[in-house]
Amino acid sequence: MGKIKVAKHAPSIDMTPMVDLAFLLVTFFMLTASFRMAEPVVVDPPASHSEKTLPENTVLVTVDNIGRAFFGIGNGEAKIAALDKISKKYNVRFNADQIKKFGGLSSFGVEVKDLPRYLDASEAERLKFQPQKGVPLDSLNNQLKDWITFGATELNAIYMRNKDDATNKNIEFKGEKPRYAIKADGKAKYIYVRDVFKTFTDMKIYTFNLITSMEGGETKAAAPAKH
Amino acid sequence: MAEIAESGGGHGKGGKKRAKKQSTRVDMTPMVDLAFLLLTFFVLTSTFSKPKSMELSLPADPPPGSPPPPEVKNGVTFLLTKDDRIFYYAGQFYSAGNPKGMPPTELKETNFSKEGLHTLLSEQNKWAIDEIDKLSAQNKAKILADTTFKRLAVEKTADTKAITVLIKTDDQATYRNAIDMLDELKICDVGKRVLGVEMSAPEFQLLQEKIK
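Those protein sequence lines, which keep their order, are chains A and B.
Start counting the first sequence at 1; every next residue gets the next number (this note's numbering).
Start counting the second sequence at 1; every next residue gets the next number (this note's numbering).
The following block holds chain A by itself, in its conformation from the complex (with noise of 0.2 Å):
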């Protein structure tokens, strides 16, 4: 009589199938990544309907709730050369390490004469930083603005060499013209974003990008209701 065999070697799945899925997600993932830099402050933005994606190449100036302002350059070789310009302007000088650091930062609120420490200091410590007040943006010393020109001119030196080289190339350019954007936060008072404003329409500049989330997953009740 036929008796029913058991398979006598141990129980095994083939899981070349899920390795190979696993990597290409892995693979995935990795090149998609974008990462997001280390801020010295979190910000949550007002939520809107606008479905604008923000361009890459922009001078960002960023408030926070409690009405500090924070600037930013969105490429690292801008970042560098504006702040020569204003090691120049405020007689303040850095050395070689520091600059470099200067690349690598998202964004940052302190003056001018403070930003040597500042870039000295580890990434633990500049959040502990003293004085971190933001950005000046008084009148009697509005050092924001000189961020912001000299940045704003690094930016569109970099945009048309980029331009010239691919047009010399006869190449198609992709790139995007360099964009002011202001990312505050939804709790911060509206006179301290309005104080930003007024530095940006001083300098004759009158459009900009305002940094919102997406409509949904919102928890204050304040949200315009759909059409």
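Because the hints were derived from the structure by calculation, they are not lab data.
Here a beta-carbon is modelled for each residue, glycine too, at the ideal position from N, C-alpha and C.
Watch out, some of these pointers could steer you wrong.
[Unchecked claim] Restricting the straight-line Cα-Cα distance to at most 27 Å, the calculated cross-link-like pairs of lysine-lysine (DSS-like) are:
1) Lys204/A <-> Lys186/B
2) Lys82/B <-> Lys133/A
3) Lys21/B <-> Lys8/A
4) Lys114/B <-> Lys126/B
5) Lys192/B <-> Lys126/B
[Claimed, not checked] If you want the ones that stay clear, here's a sample from chain B, every Cβ over 12 Å from chain A, calculated:
6) Thr45
7) Ser53
8) Ala60
9) Gln124
10) Ile143
11) Leu207
12) Glu209
Use these hints to put chain B onto chain A, whose structure you have.
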């Protein structure tokens, strides 16, 4: 575990030297562990959605000595203040005892809900919304080209029959309120809007009495 190691069964009698049947399988477990670890890491750290942004154009400051702007017709003024409250009045502002003998302006309150601001603006701007809806219907029916539609829609929002909205804030209003307001204006096809005008003293006083 992919495989449970089998204890070699060839220890029996007759110690004949035989090439051991070695399994060609590799234990993949550590590799899988690593792969998933990396996967988790990248999933958690990657930022997918690029931030959205809203374009804002502010008017240039009028040169000093230029004539004051003409009276706004068909205007609605919103006063934003603390605790997400909004007050509004339609038309011109008349303080008590004004020389023109108009009844003094009273502030009405609304809120950011659908029944509040959205309904209010849709009613006030009904003319422009209807006109744009008509155009949009024509556009869908392929009578109107996209570019023409866009141009006409902008023209409608700039028409004198469409409303003009002035947004004034006091020092307690939050940025979120201003953005919500702008967003709602966009939804309700309000093309003419003025942001960040200074509140006049009588307006401010009236507001203070209301929020007390």
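Checked hints:
1. Lys204/A <-> Lys186/B: Distance of about 24 Å is within 27 Å: holds.
2. Lys82/B <-> Lys133/A: It holds: about 24 Å lies between the C-alpha atoms, which stays within 27 Å.
3. Lys21/B <-> Lys8/A: The given pair, whose Cα atoms are some 15 Å apart, holds under the 27 Å limit.
4. Lys114/B <-> Lys126/B: holds, 16 Å
5. Lys192/B <-> Lys126/B: holds, 14 Å
6. Thr45: Violated, because the least Cβ-Cβ distance between Thr45/B and chain A comes to about 7 Å, which does not exceed 12 Å.
7. Ser53: violated, 4 Å
8. Ala60: About 6 Å separates Ala60/B from the closest Cβ of chain A, which leaves it inside 12 Å; violated.
9. Gln124: holds, 15 Å
10. Ile143: holds, 23 Å
11. Leu207: holds, 14 Å
12. Glu209: holds, 21 Å
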